[in-house]
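Chemist: The lines below spell out each chain.
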Amino acid sequence: MSDTSLFHRLQQAQAQVNQLIVGKREAVETAFACLLAGGHLLIEDIPGVGKTTLAHTLAITLGTSWQRIQFTSDMLPADIVGVSIYQRQSDSFEFHPGPVFNQLILADEINRGTPKTQSALLEAMAENQVTVDGKTRELPQPFFVIATQNPLDTAGTFPLPDSQLDRFLLSISLGYPAPDEERKLLAGTDRQVMLKQLTAVLQTSDLASLQQQTRDVFRSEELLNYLQALLSASREWPGLKSGLSPRAGLALMHCASAIAVLSGRDYCLPEDIQRVFLNLCHHRLIHSNNIDNSDNTAEQLSADILASVAVMEADHHRI
Amino acid sequence: MITAKQFRQKSQARFLDYISRRRGPLKPPLQLGYRQIFIIPSRFGAGFAVLLLVMTVAGLNYNNNLALILSYLLLAIFLSVSNLGYRNLRGLNISPAISKPVFAGNFAEFNIPVSSHQGQRFALECWQEECCDQLTAKPGRPASLLIRKKTEKRGRLSLGPWKLQSAWPFGFYRVWSWIVPDDTCLVYPAPVENPPPLPWSGSSVGLSSLAQAGDDELHGLRDYQAGDPLNRIAWRSSARADRLITRESEQQQSGEIILDWDYLPVAGTELRLSILCAWVLEAEKQKLNWSMRLPGESLTKGSGRGHQQRALSLLALYDE
Amino acid sequence: MNKAIKSLPLSSKAVLWLLGSLLIASLPGWLIFPSAIMLFSLAMIAWRFLNLYYNWRPLPNWLKPLLVIIAMATLYLTYGQLYGRRIAAAMLLLMMSLKAVELHNRRDARVLASLGVFLATTYFLFLQNPTMLVYGLTIVVLLLQSLNVLQLEFIPTTATADQRPSLLRQVPEIPGISGLISSLRIILYALPLGIVLFIVFPRLATPLWGVPEAALDGKSGLSDEMSPGSIQNLFMDDSPAFRVEFLTRRPPNSELYWRGPVLWNFDGRRWSTLYRGYRIIPPEQLPAVTTEQSIRYRVQLEPSERRWLYALDYVVEKPADSRLTRGYQLYAKQPVTNPRTYSITSEPAFIDIPELSGAYRKMALDLPAGYNPEASDWVRQLRLQYPVQQPSYNTENDILLIKSVLEYFNQEEFYYSLNPPLLGHHSVDEFLFDTRSGFCEHYASTFTVLMRMAGIPARVVTGYQGGYYNQAGEYLLVRQSDAHAWAEVWLDGKGWLRVDPTSQVAPERILSGAMDVFSNPRNWHDFTWLRELRNNLDLIQHFWNNWVMDFSAYSQSQILKNLGLGKLGKRWIALIILLPIFLTIAATTLFLLKYRSIRSRNPAVRAYRSYLKQLEKAGFKFSISDDASTVAHKVSEKLNNKQSIAAAWLVAESVNKYFYSKQAISIKAFETLVKGSLSKILRDKG
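Chains as they are written, first to last, in our numbering: chain A, 1 to 319; chain B, 1 to 320; chain C, 1 to 686.
Excised from the complex, chain A in its bound form:
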């Protein structure tokens, strides 16, 4: 059966990424879920924990074309989408596609770019197309952006506004590896060498059918009840100005479905939702919390929300 072999290959792909990104199974799974759900990934972490390696490994494993864009403050939108240059020979403008015309893009330190540049990429992410010189050009499919942000060094940066952050489906942070894993990392082969040895495990068509599978995942009424309860809990949570938007709710549903596909199921479970809830809330909740000097981090908040909502609620209450 093609389905089983596809699932097998999906697992192989995950395994291959995990070989390089040691001890980050969950983050890798989240990255895959994001990919399957057709969204974009935000990695918030300090430099040197393997963000680039993750993106690179993913690109090779998925067999997609990829490009890295290092954002700087002097970057212009044209540096991303491309420019039309006048050709004297042909007496015409010729379009030179920018790095955005790739299937996988690593947008490194996206908060260093000026808002104008940022929005060029964000528009491409939202629309799956770019408009240059009044001409609309489709981006290659699948189109997957991994953006990174350094949360610590914020001087002279342009943090993405809340509305733009919402365009990223999930956010992860890799963090330091566990001691054991780190020892393994130190003892192992050089990552650059390993990268060279990697081969593509999935094909572009595989990815498309996996995304289709994700869309087809069955979500029962009980599941949707639970999901909705989480959303309204976030909206009523004290100390939050606004909770999760309906768009965030849809995102949560798609991500949970992707987790279900990654687990080889064709139906979605509450645990799938719980699994991605943190990554989903991370960049959506904290910024609505403006002048709070309490120690509530987004992680803590979303964990609290999860803990307060019953998985299976009685459908009616008797006096």
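Taking CB as the label site, the calculated pair distances span:
1) A:Phe218 <-> C:Lys13: 33 to 43 Å
2) B:Thr184 <-> A:Pro161: 28 to 38 Å
3) C:Trp56 <-> B:Gly24: 51 to 61 Å
4) B:Pro29 <-> C:Arg683: 36 to 46 Å
5) C:Glu637 <-> A:Thr204: 40 to 50 Å
6) A:Thr204 <-> C:Arg683: 45 to 55 Å
7) A:Pro161 <-> B:Asp262: 35 to 45 Å
8) A:Gln197 <-> C:Arg683: 50 to 60 Å
9) A:Phe218 <-> B:Leu317: 54 to 64 Å
10) A:Asp162 <-> B:Pro96: 24 to 34 Å
11) A:Pro115 <-> B:Pro96: 34 to 44 Å
12) A:Phe93 <-> B:Ser298: 51 to 61 Å
13) C:Arg683 <-> A:Gly48: 46 to 56 Å
14) A:Phe218 <-> C:Ser12: 38 to 48 Å
Source of the hints: derived by calculation from the structure; they are not laboratory data. The beta-carbon is built from N, C-alpha and C at its ideal position, and this holds for glycine as well.
Position chains B and C relative to chain A; hints supplied.
Modeler: Below, chains B and C alone, put in the same frame as chain A:
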């Protein structure tokens, strides 16, 4: 001579102290048990009971069995509703209040999460002299009651004892529990309106130096460096030079902005704090690097939300 | 605090619930009160509805006292007096509707709900059928639900309202039908205690305060007067008058003359009773013998607010609290305001008063002067034909005269009619020689007048005739439409004899019942099948009266007696009363405090929930946010046996499949699996 209000507060405090000692702590987080829950018929309930008794006696007198059926049934309802009312509060979890710091003069909002693991809790009201909020809590669904208190001065505003009450289902009984939290809300000083301009030179505030702030012509230009604020980029010059150019101002050359208590040209602790508060907000609005000096306290150079919050907290709690 | 409650405005939802309930509560008034009062009340309630809908301004203050005056005037004009139970109830309705106009805050709403409850109770003074009880309970449920809605909504006090518009919670979720079901459930919880109170709470054998006669205003049923049309009006009324269970034999319908008021006095148009007619029969004249012909029966009388009881001729054994009048009418000590049941023995063969004393003879011959000259002439002619004989016990001619009058009714063109022409001053003349069509009261009245003109003592008797025999319930149902009037003549030596002139005109009235006389329906909803249906449905009412309505102090003592506790001391009786009450209260309390239902309609949720509950009892700790796999994980951590661990995971898998996958698992299979796994786990743990 004490006023009636003081007397009431005093006796209430004594009463709360008494029930805390006799009936267990009343400080959240707590789960309400029978020792914390009080119940008496409401005025309406008492009136309704009298009506029922009249109905019963009349029914007995005329030996009108239908009237008696109705009266007895209502009497039975009246009695069993007390159980429902009590059950409505029993086992309810009350967590410490969550509040965000506010500027003095605004309302401090205490959000008090209440949750039920068993059954729905209807019409929970929180009372502090008046009914402040009401909600119905579903099991496994978080909810919070809101108490708003007008703030008058900076510092820590304590929530004070409040009453969780419900007259559900029919208003025949008042069921309540006293909660004595030690929750406080941080109250920043109220920023003065129209504050004096920021002390750019860092030494003293003179009106003469103010006019120069933001005046393009007086300042030099230099190449853009990573980290320069956006509003300092000289766009016109950049366009001409085909590279980003930043305006360089005198102030930046002279170092950071110091919001200094000692150099404020006014007297009065509270007024100074209010001006400092307004400056902090202004400095943050302009995305400056700034530091602050208070007698006995100081805050090193920095910027950002966290920095601002630290400064405002210092101002709020100054000399307390 | 109370100030705060007072100032709370109401949401339109609460107002709607309350007004709807009040509207429903006021509707039975159509059956009790005149339409003027009803129209006024409904107008008031309707105004408040419209006020809510169109957001009108409240009524100006000067209008309110005016409305009260209008209401009181309406009351006075419709009833002509301001006392009496019916009037008091009407006043309650008016007060309620006036209060509804100024329904502004929670306090008003609570007062209104209380008034509504009280009003529902007062209806039972007038209407006591099972339908009314159900309706009354509906009113109470709706009013309680309105109180519930009041309680569930929060509108901030004015002090906070203007400062927190942005922070206002979304409009609170106010339960609709589900809330109604909750209110119904509360009634269900209270039901046992209600029943216990009904049965054991001591009843009053004698009322605390009497019911003044003036307070009664019997509107339906026979009155102690008769004028043309009065019985005819009753013919339109299908409500039951009384029911009879025959304990011995059941006489044929033609013998069922249920005796009511006996009318002696005639003023030319109207027949009425005489005070002297109410005098009690001296004991020596009372019949004391019963023969094989005697009839024993039990009458279940609907409340008539009158004092007379109906019986067949002639009463031998009567209820203790009643007496017999000179007219041989059974007369109770108290007006019948509640359904009451009494047993009687009657002896048809008894002869009433062979001797008629002077005063009574005078009364039975008295006619107003100046009326009916033609009839008088006609009787004189007859008298010439059958002259008065001496001695007085020789009554052959009298009998012949009676017969010829009856024959006259029979032979000439007389009609039994529902719509007789109106009669003028000389009513007997006109009836006898001109209109010749009338209802039973016309015939009885005319006949009696003719007899008196002929010098034969006569009187009119009103009551009921016949009835519908319900085979299933084995009882006779007598309706108001069975009301009848007949005549009695006194013949020397023979006593009072019943003569029914109607039988000469319409014999089928007596043989088969009033309904069969007319082929045309009485009104648009008068169908034979409907009448049949109603006759059969009356069985329910009959049982209702037997089991619920008749419950009294007497029944209570009967129950005690049947339990063998009839002779206990007062202290024991008190214990017997209080013990069940306390036990029921305790049981209800325990039940309510212990049984906290977060029940689900889904049986699978229930099964899984009870699985978790059992495990928690066994020492496992779960949080509400634990999904099936987490639960299985927590459980298996504490287990050693591989089989039970597998069982725990199997439950998780089935729960996930049952609730979240497309795969259909039968609920039976799911339940058995969960139960089986639970026992495996508990065995391993325990």
